[in-house]
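For the protein sequence lines, the chains are A and B, in the order given. For what it's worth, this note's numbering labels the leading residue of the first sequence as 6, then goes sequentially. For what it's worth, this note's numbering labels the leading residue of the second sequence as 12, then goes sequentially.
Just so you know, not all the hints are guaranteed correct.
[To be verified] Calculated lysine to aspartate or glutamate pairs in the DMTMM-like style (CA-CA distance at most 20 Å, straight line): (1) B/Lys319 x A/Glu108; (2) B/Lys326 x B/Asp29; (3) B/Lys94 x B/Glu148; (4) B/Lys250 x A/Glu250; (5) B/Lys485 x A/Glu267; (6) B/Lys417 x A/Asp231; (7) B/Lys250 x A/Asp231; (8) B/Lys261 x A/Asp231; (9) A/Lys70 x B/Asp29; (10) B/Lys250 x A/Glu254; (11) B/Lys261 x A/Asp243.
These are computed hints drawn from the structure, not numbers from a lab.
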Amino acid sequence: MSGRLEVMKTYKLYINGAFPRTESGRSYEITSNKGEFLANACLASRKDLRDAVVAARAAQPGWAKATAFNRGQIMYRIAEMLEGRSDQFAQEISLQTGASAKESLQEVSDAVDLLVWYAGWSDKLPSLAGSTNPVTGPFYNFTIPEALGVVGAIASIDKPLLGFVAAVAPILVSGNTAVALASSSAPLSAISFAEVVATSDLPNGVLNILSGQQSELAPWFASHMDIDGLDISGLPSDQHGSIKEAGVENLKRISAFTKNNEPGRILAFMEAKTIWHPIGN
Amino acid sequence: MNFEYAAAPESRSVVKIDPEYGHFINGKWVNGSSHFNSINPATEEVLSRIALGTAADVDAAVKAARNAFDKSWSKLSGRERGKYLFRIARIMQERAREFAVLETLDNGKPIRESRDVDVPLSAAHFFYHAGWADKLEYAGVDTTTAPHGVVGQIIPWNFPLLMLAWKVAPALATGNTVVLKPAETTSLTALLFAQVCQQAGLPDGVVNIVTGDGSTGSAIVSHPGIDKIAFTGSTEVGKLIARAVAPTNKSLTLELGGKGANIVFGDAAIDETVEGIVNGIFFNQGHVCCAGSRLILQENIADEVLEKLKRRMEKIRVGDPLDKNTDLGAINSGEQLAKIHELTAAGDAEGAGRWSPNCALPDKGFWFAPTIFTGVTQSHRIAREEIFGPVLSVLTFRTPAEAIEKANNTPFGLSAGIWSEKGSNILWASQQLRAGVIWANTFNKFDPASPFGGYKESGWGREGGRHGLSAYLKGSAK
């Protein structure tokens with residue numbers, strides 16, 4: 006035995022820019038694919054979700070009001086911070102999933118590149134997805150995409166970092182704020198990603214991260230009346246029907262995606278607003 | 012001096028209404044198993060007997076639509092599909108007066124509106140979408156060029172032909188085939204449209220029209236052979252449909268209710284604003300999902316606006332919808348009239364002040380005088396619930412932030428109006444309002460090139476423009 010004992014990290018939630026434990030006091034054991042103990046992750050509760058939504062709602066107008074250039078820069082900054090910690094993230098992925106060092110490093114690189122890809126959309130997608138409309142009559146008429154509001158995400162359980170980034174980056178880049186549930190079985194990458202976010206000038210409350218059980222929390226995401234949209238890409242498809250049904254009460258915009266880099270992932274959580282004004286003097 | 016208008020009725024001779032109709036399935040008329048009366052809401056005269064579509068009728072229509080999709084429609088090039096739509100647009104223009112008179116008889120709306128708004132816009136919708144049919148690869152960054160297949164469409168009674176056009180034109184342009192159900196009280200122009208499809212030589216089964224009531228609509232929603240549902244109607248029914256569709260693979264778009272805020276800032280041009288307020292709430296008897304039904308006035312001009320609004324409302328002509336001078340026609344049904352009475356009674360009971368001009372209403376038919384309620388608070392039912400009638404709720408505000416707060420304080424998010432002479436204020440308010448359509452210094456304008464649809468509980472998706480088209484194409488991301 007070497008003389009020094011490793012200082013282990015306590016994995017907590019990320020709500021409103023802070024790292025609280027779950028209000029429920031519950032945790033669950035995260036093990037490596039070989040069954041070794043890795044951490045006790047927070048088993049987030051419905052109350053944690055509600056706290057996170059309150060933070061996300063409060064942060065949303067400010068984030069949407071930030072210029073597209075500014076949002077793009079902050080998203081790019083997240084990529085910079087992640088790149089600098091590639092080795093740490095790769096090791097953490099390997100520990101959780103058993104992926105080889107090379108595969109894990111590739112996942113981190115893919116996550117960084119995906120963040121850069123989405124960062125660049127911030128000031129371009131509105132040009133492509135908006136329009137000026139040649140209406141009949143003396144009117145100027147244009148359509149602009151706008152952020153939807155507060156969007157939930159149930160991240161993929163397969164790639165603990167890449168799946169998480171693919172869920173949250175397209176939500177955030179347009180000016181939405183997010184409450185995201187990490188992979189239930191491998192949540193450590195998403196929680197460490199919170200440390201990256203916390204050092205990237207992303208305003209508090211814009212991204213909130215929970216760890217816990219999909220089966221417990223997904224229905225609460227779906228029925229929460231102050232969540233406007235929900236990405237359920239990480240949920241098994243046999244659960245999509247019941248989740249969509251639970252989201253009907255506030256006509257939540259619910260989508261699932263198969264591709265990571267896809268402008269449709271951004272537009273699924275935007276609304277088109279059309280404005281008319283007469284032309285004359 | 013007396014400025015009374017002489018009666019100027021539009022002739023009914025241009026329309027021929029059969030005593031009874033069947034369904035239009037696979038290009039042919041199919042007898043219904045039972046029928047219900049369709050009446051003229053202005054006179055309660057029975058116009059025709061409409062077939063009540065059963066699950067078997069819907070099934071036959073879906074099979075016809077599937078067959079047409081597989082065998083003819085999906086095999087046509089976009090260019091050829093587009094030519095059919097151009098034909099339909101032209102025939103609708105040729106038969107415009109017939110459509111307008113029939114719409115007014117069946118719906119109760121003034122001939123001035125059916126003639127100048129509903130019918131020309133319907134034809135324009137087909138003309139606009141015809142041009143899209145061979146250009147789908149340019150339709151958007153998040154769509155493919157692939158149609159869904161068979162689309163089930165359920166439309167409301169407030170703009171019967173126009174809502175048909177909003178639904179059918181984009182569906183056909185993108186290569187889908189259609190099973191459409193018109194509203195129970197307003198089937199006649201849809202059935203006339205079936206004749207247009209025949210005249211245009213549209214392949215059998217591409218458009219199928221099954222008439223009926225909610226049970227017919229439910230059979231469409233639950234039919235496993237339908238790939239996409241498009242619905243326009245109340246939020247309540249929209250949610251029922253969304254729940255029914257949730258466990259399936261069907262796509263769904265919804266155009267639902269609204270409680271549009273019409274905000275008048277202190278610097279607005281008052282006379283134009285008053286015209287806009289009248290158009291916002293009294294157009295089509297207020298049977299408009301995007302009506303400006305909540306007037307939100309800045310306090311310093313509230314008295315002046317209300318005084319001028321009342322003076323203007325004294326001049327609104329209520330009566331015979333076929334009269335070319337009529338401004339406000341009949342309420343579409345006894346059921347809707349009862350709902351308006353119920354909500355306005357709640358306005359009285361909750362302490363708002365009711366005012367209507369002194370206007371005589373016809374003895375027969377369903378009528379409601381143009382009405383405003385002042386002293387309305389945000390908790391009043393008449394400020395929260397969609398009345399869907401010629402009833403305006405008036406609230407006031409002091410600061411712009413308060414106006415936005417009040418305007419957005421609703422689960423709906425379909426439309427909003429802004430009246431101000433200051434450009435930066437208009438753009439600021441437009442940004443703050445959570446609604447899909449913003450009319451600044453105008454109201455209730457529609458165009459096929461202009462996307463229409465709601466935020467929040469006013470719906471899913473858009474209709475019109477490139478955005479509306481994409482709802483009829485498979486998404487690239489999902």
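Here is what the structure says about each hint:
no., hint, verdict
1, B/Lys319 x A/Glu108, "73 Å, violated"
2, B/Lys326 x B/Asp29, "37 Å, violated"
3, B/Lys94 x B/Glu148, "18 Å, holds"
4, B/Lys250 x A/Glu250, "9 Å, holds"
5, B/Lys485 x A/Glu267, "14 Å, holds"
6, B/Lys417 x A/Asp231, "18 Å, holds"
7, B/Lys250 x A/Asp231, "17 Å, holds"
8, B/Lys261 x A/Asp231, "26 Å, violated"
9, A/Lys70 x B/Asp29, "58 Å, violated"
10, B/Lys250 x A/Glu254, "7 Å, holds"
11, B/Lys261 x A/Asp243, "15 Å, holds"
Hint check: violations occur at hints 1, 2, 8, 9; the rest are consistent with the structure.
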